[in-house]
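A.B. asks: Residue-level listing of the chains:
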Amino acid sequence: MAKKPDRKTEQALKAAAKNADTRNYVLRLYVAGITPRSQEAIRNVKAMCDEHLAGRYDLQIVDIYQQPVLAKGEQIIAAPTLIKKLPLPLRRLIGSMADEEKVLVGLDLRARNE
Amino acid sequence: MAKRKSESATVLAKCRTGISGLDEITEGGLPKGRPTLVCGGAGSGKTLLAMEFIVRGITEFNEPGVFMAFEETAEELAKNVASLGFDVNKLIRQKKMAIDYVHVERSEIEETGEYDLEGLFVRLNAMIEAVGARRVVLDSVEALFAGLPNEAILRAELRRLFRWLKEKGVTVVITGEQGDRTLSRYGIEEYVSDCVIFLDHRVHNQISTRRLRIVKYRGSKHGTNEYPTLIDEHGLSVLPISSMGLNYAVSDERVSTGVPRLDVMMDGKGYYKGSSILISGMAGTGKSSLAAAFVNGLCRKGKRCMYFSFEESPEQIMRNMRSIGFDLGQWVKKGLLEFRSMRPQLHGLEMHLATMHKLIQGFAPAGVVVDPVTNLSSIGDTDEIKAMLTRVIDFLKAQGVTSVFTSLTAGGSAMEQSEVGISSLMDTWLLLRMVESANERNRILYVLKSRGMGHSNQMREFILSDEGIRLLDVYTGAGTVYTGSARLVQESKDAAQALADQQSAGRRKRELEQEAMSLEAQVRSLKARLDGMHDDLKAGAAQEKSRLHAAATERDAIAKARKAD
Numbered sequence: 001m002a003k004k005p006d007r008k009t010e011q012a013l014k015a016a017a018k019n020a021d022t023r024n025y026v027l028r029l030y031v032a033g034i035t036p037r038s039q040e041a042i043r044n045v046k047a048m049c050d051e052h053l054a055g056r057y058d059l060q061i062v063d064i065y066q067q068p069v070l071a072k073g074e075q076i077i078a079a080p081t082l083i084k085k086l087p088l089p090l091r092r093l094i095g096s097m098a099d100e101e102k103v104l105v106g107l108d109l110r111a112r113n114e
Numbered sequence: 001m002a003k004r005k006s007e008s009a010t011v012l013a014k015c016r017t018g019i020s021g022l023d024e025i026t027e028g029g030l031p032k033g034r035p036t037l038v039c040g041g042a043g044s045g046k047t048l049l050a051m052e053f054i055v056r057g058i059t060e061f062n063e064p065g066v067f068m069a070f071e072e073t074a075e076e077l078a079k080n081v082a083s084l085g086f087d088v089n090k091l092i093r094q095k096k097m098a099i100d101y102v103h104v105e106r107s108e109i110e111e112t113g114e115y116d117l118e119g120l121f122v123r124l125n126a127m128i129e130a131v132g133a134r135r136v137v138l139d140s141v142e143a144l145f146a147g148l149p150n151e152a153i154l155r156a157e158l159r160r161l162f163r164w165l166k167e168k169g170v171t172v173v174i175t176g177e178q179g180d181r182t183l184s185r186y187g188i189e190e191y192v193s194d195c196v197i198f199l200d201h202r203v204h205n206q207i208s209t210r211r212l213r214i215v216k217y218r219g220s221k222h223g224t225n226e227y228p229t230l231i232d233e234h235g236l237s238v239l240p241i242s243s244m245g246l247n248y249a250v251s252d253e254r255v256s257t258g259v260p261r262l263d264v265m266m267d268g269k270g271y272y273k274g275s276s277i278l279i280s281g282m283a284g285t286g287k288s289s290l291a292a293a294f295v296n297g298l299c300r301k302g303k304r305c306m307y308f309s310f311e312e313s314p315e316q317i318m319r320n321m322r323s324i325g326f327d328l329g330q331w332v333k334k335g336l337l338e339f340r341s342m343r344p345q346l347h348g349l350e351m352h353l354a355t356m357h358k359l360i361q362g363f364a365p366a367g368v369v370v371d372p373v374t375n376l377s378s379i380g381d382t383d384e385i386k387a388m389l390t391r392v393i394d395f396l397k398a399q400g401v402t403s404v405f406t407s408l409t410a411g412g413s414a415m416e417q418s419e420v421g422i423s424s425l426m427d428t429w430l431l432l433r434m435v436e437s438a439n440e441r442n443r444i445l446y447v448l449k450s451r452g453m454g455h456s457n458q459m460r461e462f463i464l465s466d467e468g469i470r471l472l473d474v475y476t477g478a479g480t481v482y483t484g485s486a487r488l489v490q491e492s493k494d495a496a497q498a499l500a501d502q503q504s505a506g507r508r509k510r511e512l513e514q515e516a517m518s519l520e521a522q523v524r525s526l527k528a529r530l531d532g533m534h535d536d537l538k539a540g541a542a543q544e545k546s547r548l549h550a551a552a553t554e555r556d557a558i559a560k561a562r563k564a565d
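Heads up: the protein sequence lines correspond to chains U and W, in order.
My numbering puts the first residue of the first sequence at 1, with every later residue one more than the last.
My numbering puts the first residue of the second sequence at 1, with every later residue one more than the last.
Derived by calculation from the structure, the hints in this document are not laboratory data.
We treat Cβ as the ideally placed atom computed from N, Cα and C, and that holds for glycine.
Treat the hints with caution; some may be incorrect.
Unchecked claim - Label pairs and their in silico Cβ distance ranges:
1. U:E10 <-> W:E151: 35 to 45 Å
2. U:K14 <-> W:G219: 27 to 37 Å
3. U:E10 <-> W:K168: 32 to 42 Å
4. W:T59 <-> U:Q60: 19 to 29 Å
5. W:A156 <-> U:G33: 17 to 27 Å
6. U:K14 <-> W:R160: 21 to 31 Å
7. W:S107 <-> U:G73: 44 to 54 Å
8. U:L13 <-> W:E151: 27 to 37 Å
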């Protein structure tokens, strides 16, 4: 049921490393099934990427029900979880991504100001 | 036995942990298919208990298990329990166990709206299905509280998690750090209402003791005490005090005391097999010698013995006992006798208890000597020692091992008060006393009590000679007890007195005989006088009659002469 997660991650990392200087974003969105919350998260992430990262992002959406081994490998606890693998530092954003301000701060697209 | 009873009598099924002692106090194990919270402070052995639950579940009950760790990685866990003889990696290779390390890093996480912990569920579910798990450990779920900021969501999700686990029908152990005034820091006990076990680790008088208590166990009877707990190379063991119960089988078989005359004092047969014997007395009264006699007697019959000494080294005991004719060295060589000498301060009471447990179980002796129990008082108070000895005795009785305990009575204290208050635990109590008189100290032995047998009420003089132990009758008379040379003196005095008594009795007899003879003579003379009197009386009466007749005849003659009409 599960694909080889490590190779896939490796490839993704390699590809990401190649594009590192161009500030390419490697994002993984883990959702648990197609629930309204999952759909909302997918919608929100996509909209944000198109708005702020047009042309320089690699987003993959993973259903942890389909690939539970990935959930273990990626240390997924909550759903939905968006992992920003690149650029570093690694960040985990959990929730429906409804709070745009927090998502942008989490993706280092906006400075944290409080 | 307890398990079967609880399963048939109540609906609550139990899941055996395999942890020594824990199944006894929970009367069969943890509630099957329900969560159990194990809480306690740092280093109290929560993770170990949880790990043992999984490992023993696989190795002893063939129930695969899943371990979800929040604090340690799988490698660390495997390494930590390898020293206890648990080969976790092998079990994982055999697909009977799965470990998942859940890492929550607060600094990496940003909350962006509503979420749930479906990730955790998926991971747990994948593991449970991969190995067909019947047992699950979450160690410790509280780490989530530190990692996830939204406590409301977390609590709701935990509630859902436990409900889900219950539906899965797996038996769950959740660990939780002890809180300030609560059982767990984040109040997990709120979700785990079926069974809560509390582990405690405290240091008293520089000696650390671990304890385990069952705070609650819904729907089941359980031991409520704090039970001493031990972590050693075989894992965790709980030492149930009261769970032993007083239902061990008893034997009518007898075991020689090793002293023929002492056997005679106890129905002629000696101690009961599997009974507990207390030998108490002051210093130098021969307690150890009497214990050695018992060991010697058993070994001579080819039975095994174990000698726990808290005072002397094995060499010293063997040398000393040789001087009274007991060659214990030969039994050691033959493997019939094993000495264990250690200072009581070496470790706490629980550790001593557990060591004894283990050694006795390994060696399977017929007799055990603990010499002296009173030395344990340096590492625990009377109650603790009593509790420990109760457990030792219950254990020994259950195994049918005859046990001899020596107890040192301090000079000046009451003789019949054993130092550590254990006399009521004992079946037979031999008291050794020193009697000082006539410039000598002599030993005296008596059987103070001996349950279930007609024992002698006599005091015996107790003599240690190079041929062994001898018991002699003591001289008791006029409220004094004579022993040693005083006894000999008294005995010869008695013999002289008896002779004198015999002689005076003869004299008295002769006197009486003489008196009787003189009385008889008197009686004879009086009888003669009486007979004389009777004769006189008869003679008088005849004379009177003839006189009256003569008078009447004379009157007739006169009348005839007067020619009266």
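A.B. asks: Would you mind marking each hint as holding or not holding in the structure?
C.D. replies: Results of checking the hints against the structure:
no.: 1; hint: U:E10 <-> W:E151: 35 to 45 Å; result: holds, 37 Å
no.: 2; hint: U:K14 <-> W:G219: 27 to 37 Å; result: violated, 57 Å
no.: 3; hint: U:E10 <-> W:K168: 32 to 42 Å; result: holds, 34 Å
no.: 4; hint: W:T59 <-> U:Q60: 19 to 29 Å; result: violated, 42 Å
no.: 5; hint: W:A156 <-> U:G33: 17 to 27 Å; result: holds, 18 Å
no.: 6; hint: U:K14 <-> W:R160: 21 to 31 Å; result: violated, 39 Å
no.: 7; hint: W:S107 <-> U:G73: 44 to 54 Å; result: violated, 20 Å
no.: 8; hint: U:L13 <-> W:E151: 27 to 37 Å; result: holds, 35 Å
In this structure, the earlier hints numbered 2, 4, 6 and 7 are contradicted, and the remaining ones agree with it.
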